[in-house]
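Letter by letter, the chains look like this.
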Amino acid sequence: MNIVSKSAAAIEAARAEGRPALICYLPAGFPDVQGTIDAAVAMAENGADIIEVGVPYSDPVMDGSVIQAATVQSLAQGFKVAQVFDIVKGITERCDATVMIMTYWNPVLRMGVDEFSRRLAEAGGAGLITPDLIPDEAAEWFEASDKYGLDRVFLVAPSSTEARMKATVEASRGFVYCVSVMGVTGARTEVSDAAASVVAAAHAAGATNACVGLGVSQRKHVEEIGAYSDGVIVGTALVAALRDGGVEAVGKLTAELSGRHVNA
Amino acid sequence: MNPTTGEPADGSQQPVPTPGESLRHAPGPYFGDYGGRWMPESLIAAMDELNETFEAAKADPEFVAQVKDLNKNYSGRPSMLTEAKRFSEVAGGVRVFLKREDLNHTGSHKINNVLGQALLAKRMGKTRIIAETGAGQHGVASATAAALMGLECVVYMGAEDTRRQALNVARMQLLGATVIPVTAGSQTLKDAINEALRDWVANVENTHYLLGTAAGGHPFPAMVRYFHEVIGEEAREQILAQTGRLPDAVAACIGGGSNAIGIFHGFLDDNEVELYGFEAGGDGIDTPRHAATITLGQPGVLHGAKSYLMQDEDGQTIESHSISAGLDYPGVGPEHAYLADIKRVNYEPITDTEAMDAFSLLCRTEGIIPAIESSHALAGALKIAARKIAAGATPEETIIIVNLSGRGDKDVGTAAAWFNLLDADSTTEPKDAK
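In order, the protein sequences belong to chains A and B. According to this note's numbering, the first sequence is numbered sequentially starting from 4. According to this note's numbering, the second sequence is numbered sequentially starting from 54.
The hints are all genuine.
Calculated pairs, EDC-like style, for lysine to aspartate or glutamate (alpha carbon to alpha carbon, straight line, at most 20 Å):
#, chain 1, residue 1, chain 2, residue 2
1, A, Lys169, B, Asp101
2, A, Lys150, A, Glu125
3, A, Lys83, B, Glu366
Treat the hints as calculated values from the structure; they're not laboratory data.
Full structure from sequences and hints, please.
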């Protein structure tokens with residue numbers, strides 16, 4: 004199988020510039036479908052290497068209150084899962100950023116894993132980040148992601164054993180998502196020391212790209228984490244910025260996180 | 054599942070067990086195509102630890118003896134099997150027997166599971182347990198086990214349910230537990246589980262999630278069933294001792310399905326015994342307000358397991374409705390999904406009205422106030438009886454066991470409102486309770 008990973012290429016390009024990749028999350032349909040596209044483009048223009056679009060889901064057990072509130076709003080406004088493909092297409096048509104979908108598994112299962120994958124590839128998406136799907140249950144997703152050339156990003160945690168770390172790294176394509184703390188999404192003042200050990204364990208297990216998420220909200224976190232990881236994932240802080248200050252605030256925070264000047 | 058053909062809705066072929074192969078003690082993680090672990094990696098290590106601890110404990114005579122001793126000397130097991138003679142008359146003269154889980158300490162079957170899991174928590178060196186609760190029965194049982202074993206206890210309860218079951222909230226607090234009202238989502242059981250899972254992810258090092266139903270990721274479905282198997286084992290022995298034969302049918306209510314799987318398990322290999330799970334039909338399954346997961350749901354993943362699920366065309370969980378907080382859950386344990394597909398157990402909906410009629414009937418004919426959850430099984434038993442008689446069965450030679458999973462003290466407010474027993478100037482507003 005010779006699949007060129009789009010997200011690995013994006014991380015590699017950042018590495019060539021001597022910096023960690025910046026991966027920015029926002030939920031689909033928040034504040035509305037067009038608003039998601041505009042905010043994602045602002046992220047890309049201000050230094051985001053990979054955009055992670057979250058599918059709003061009724062039972063988001065890995066999300067803290069800020070992201071929950073945003074996805075609840077999106078669903079209350081009538082967001083339909085198929086619109087996430089319009090968003091991916093809308094973003095990839097307007098900028099070069101690599102676009103991935105982060106989704107809980109049931110919406111994928113409901114649409115059909117093959118159908119979801121086909122539509123994601125067609126929209127120009129790079130792959131899926133799956134917070135509640137572990138490789139042990141992912142047989143269908145292995146098949147579909149290979150068929151459509153999509154990246155599959157699984158999560159590893161401070162609690163992952165060496166054996167699970169190895170199996171998850173092997174199952175992933177693009178990068179592995181290192182959960183920095185035992186907990187749910189949400190901005191934190193300090194990023195836990197556990198992050199460094201998770202990344203070290205992922206590298207030891209053979210991961211080329213180990214990116215860190217959960218709790219990252221400031222430039223100083225990006226610098227700290229960037230020193231030992233291959234990418235830094237920011238979610239809640241950007242969602243709060245979008246909520247409070249719209250697209251402009253998202254662009255500004257992304258620029259700050261990436262250490263660049265604001266590109267409005 | 055398609056309610057008319059009984060075929061799995063997605064047309065998939067479910068594995069059919071080899072004739073003669075036992076359905077008892079299915080170890081998981083999979084029950085046919087269902088079960089598994091559809092959950093965050095952060096929790097997998099804890100699930101592995103729990104599984105190892107559980108497997109070792111089952112094989113340890115000391116643990117088995119500990120559970121047995123607690124069941125006998127703390128919960129009051131074996132629970133009685135009571136023939137409900139006056140209720141039986143209304144059921145056309147068939148013989149209805151009640152498995153009296155309502156007489157257990159704390160008033161429901163839930164105590165069986167919490168004592169077992171609290172012992173496992175101690176074995177794992179955990180000092181804190183968290184639990185979700187709908188009706189409050191599992192929360193009360195968890196708070197009880199925590200008090201008994203000196204564990205810290207936090208119970209997550211949908212804010213809607215804390216209003217419906219205010220007395221149980223106070224009961225948990227009296228037992229030393231902290232009750233956290235959950236305001237997310239539909240503010241009911243599923244949202245309480247989400248919040249408990251979030252707590253668990255953050256505190257898994259010192260915390261055991263004492264899940265109260267036979268759902269969730271492996272090993273929960275097989276483990277919760279293990280602790281409830283005593284219901285079916287006792288019932289089977291008791292009916293043989295009291296009538297000299299096995300029953301024609303066994304009926305249980307089903308939300309997540311823990312009391313049902315417990316009593317069914319004793320009879321799973323007795324092919325002549327028909328098994329019935331009665332789901333919450335709410336306002337009726339032709340309305341959007343019900344919790345008839347197996348009757349109308351589609352396979353999906355929720356809270357760690359693949360099973361039948363009430364969901365929309367996008368895979369979003371649909372909010373369930375039932376007059377009974379304990380059945381108000383849009384999922385169901387994976388072993389039930391499997392038993393439905395292979396047609397070993399029949400699953401049918403019972404409406405709020407049918408359940409409340411049966412509730413009232415048992416109160417007046419037997420002097421027993423049942424939980425509204427269990428009243429669904431009573432209503433189901435009346436239907437089974439009518440069908441059997443219509444099919445030519447001799448009533449007095451027909452035996453039905455109903456799992457009376459809990460007592461109805463907690464439901465008096467709801468029932469009083471339903472039957473308009475409250476004064477207009479009463480402080481309890483009937484509409485709140487319904």
